[in-house]
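Using the sequences and the hints, build the whole thing.
2 protein chains.
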Amino acid sequence: MHGENMGGKNTKIRILDAALELISKDGLKATTTKAIAEKASVNEVTLFRHFESKEKLFLAVIDREAMVRFEIIQHDIEPSGDLVEELTMIGNFMSKAMVGKANFFKLMVMEVNRYPEIFDHIGTVPMAAIDMLKKYFDKAKEMGIVRKDVHSEIMAITYFSYLFRILVTTAFLGDDIFMKNRTGDGMRQFAEIFVNGVASRGD
Amino acid sequence: MHGENMGGKNTKIRILDAALELISKDGLKATTTKAIAEKASVNEVTLFRHFESKEKLFLAVIDREAMVRFEIIQHDIEPSGDLVEELTMIGNFMSKAMVGKANFFKLMVMEVNRYPEIFDHIGTVPMAAIDMLKKYFDKAKEMGIVRKDVHSEIMAITYFSYLFRILVTTAFLGDDIFMKNRTGDGMRQFAEIFVNGVASRGD
DNA sequence: CCATAATGTAAGTAAGCACTTGCATGCATG
DNA sequence: CATGCATGCAAGTGCTTACTTACATTATGG
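Protein chains in written order, with the numbering used here: chain H, 1 to 203; chain W, 1 to 203.
Hints in this document: simulated from the structure, not taken from any laboratory.
Check before you lean on any hint, since a few could be wrong.
A pair holds if it fits inside one copy or across any two, identical chains being indistinguishable in the list.
Said to hold, decoys possible - In the DSS-like style, the derived pairs of lysine-lysine whose C-alpha atoms are separated by at most 25 Å in a straight line are:
1) 139 x 34
2) 54 x 25
3) 101 x 135
4) 180 x 148
5) 56 x 96
6) 56 x 25
Source: prediction; values computed, not measured.
Laid out in structure tokens, this is it:
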């Protein structure tokens, strides 16, 4: 039963996974190396052999997660004409991508005060998302299907705010508490309001 | 220099203030009673004499903050006609009220996993805000200035999401990082999009 | 089949932390 | 001025935690 050689690589990954999960739940300080080792089904000493210290393990977690730097969001999308339909899809897509990284997002946000260098990482995802939306609206303006009297970036930030709420509630509370009892496709209803506004068109 | 009698009440408040500030910054576990005492300019023993344990101090902080339960937001507002203008005001008002409690909000969110009973507190503010907005939109519908084919609550949640983003970024990053380099009145620009949509009215 | 690398086990160390105790000091009020 | 109350100070206790050391066990690859 002793010294089962998992191949080394596997062990490192299991430790990183366990660390991410626990630290994002309880915070860095409150997470013990013992707990991480247990969750990774690894002896505590092994943890220190792979990562010299708890802090270096923490930084290794950040490094690994930041690697997969959300390239998903980097693609440009051409407006097709049906804004509501398309923004619904883009929203669902981005939301899913971000929520998939919710643990990491929470971890970064919680420790940013203690490790200010994290700050640079945090902005990356939102900024990429906003940038993609901005380009989308720019093109939609050229096509004449979007008002030209509002800055594309303002539109992008506005639209992104809704996705951001989903990300935050999911990351910290485990669910989109505001919409969870709502019926229907929340994203589409939002997109519809965003595109058409709430003002009565009674003219 | 010894035993300066501050009146007792004052001391308790200073400790609670220091605890809120430090715990919201670093998290409960990472905040030491020594640090709290120092920040409150009080001997560590005094802290334990007023609050039996670190945990009870923490709960006392929550109790005190939850007392001022954002009655500010509880007032109903009658739509006047100019939706953009009014929503801008409401938004700024709510945003200011919530951001004023940003420390407390962050503290609750960070510790909700460890103290699930906090969960009940967290929902209060957003729900009150959403409820107020919902009533506002209901009345605006009666006046015929808002579309009747969209649920008021969906509108409310949509509008609230923007305020929520401001609250979260301020609480956790100290600033509204997404809008901080923007010029102009962000809240008004958002309200304008919300009311009129982004679709071109080229009919 | 042997050398090496990876892991496990047991035990321990040093530091930090929540919390306690005992005593001294000043303030306020009757 | 005397009593009580709030606070300060010094020292200490017991627990947890990050991290170490020494040695045993297993798997793998040449």
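Here is what the structure says about each hint:
no.	hint	result
1	139 x 34	neither (53 Å within a copy, 57 Å between copies)
2	54 x 25	both (16 Å within a copy, 21 Å between copies)
3	101 x 135	within (24 Å within a copy, 35 Å between copies)
4	180 x 148	between (35 Å within a copy, 23 Å between copies)
5	56 x 96	neither (30 Å within a copy, 39 Å between copies)
6	56 x 25	both (19 Å within a copy, 22 Å between copies)
Checked against the numbered hints above, the structure breaks hints 1, 5 and satisfies the rest.
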